[in-house]
Amino acid sequence: MRRLLVLTLVGFFLLTVAGPLQSLFGLEMVAPDIPLILLLYLVMAARGIGGLRAPARPKLLSSSLDFAGGIAGVGLGYVHDLLGGGLLGLHSLTMGLMFLLLLWAGRHVLWAGNISVIAVTAASSFVASLIAVALRWIVGVLPSLATLAVIVAQSALCGVLAPVLMRLFRWIDFRLARGTVERGSLTR
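When the sequence shown is numbered by my numbering, its final residue is 1109 and no position is left out of the sequence of numbers.
Source of the hints: derived by calculation from the structure; they are not laboratory data. No experiment lies behind these values; they were computed from the predicted model shown. A portion of the hints provided could be inaccurate.
[Claimed, not checked] Taking CB as the label site, the calculated pair distances span:
hint : residue 1 : residue 2 : range
1    : I1036     : V1060     : 33 to 39 Å
2    : P941      : A1040     : 26 to 32 Å
3    : L1097     : A1067     : 39 to 45 Å
C-beta: ideal position from N, C-alpha, C; glycine also.
Construct the entire structure; sequences and hints are all you get.
Next up, the structure:
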């Protein structure tokens, strides 16, 4: 539980630092989805994907890290909503839906190495953005063609940043576990 709390605090720190850096580099429309990348890492760690601790036989919720990871993703999504403005609760609802989708993907998709992490993260970001656009459409905000361009750019940015952030999360996770976790394919 301590590892999850520290990883969530690191995610919160990255969210607060990402805002000013986006403004500095002129990336107001396209932003890395840090809650999604952390949620993806937590699902991977709980499922034993990429050489991370594997449970003996995964069920839908195979460990407390699954459930707590979902709560952390929803919480960081809410913090993302607070810091980014817009519809309050939209990103947290999207992270809750993505948590369920990633649990399914953890059982049915083969993830090994950085290329698959990039592809899965970019696809997850694309799906999360589509869910957010659909939820905004329900409340009356119509999507445009420019929205699709932003979704594609954000998916590419998340895919490129995922291996770096996951290495950071893995390093922190490894240090907090006091070296009891073997090296996985996410740290190569």
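So which of the earlier hints does this model not fit? none
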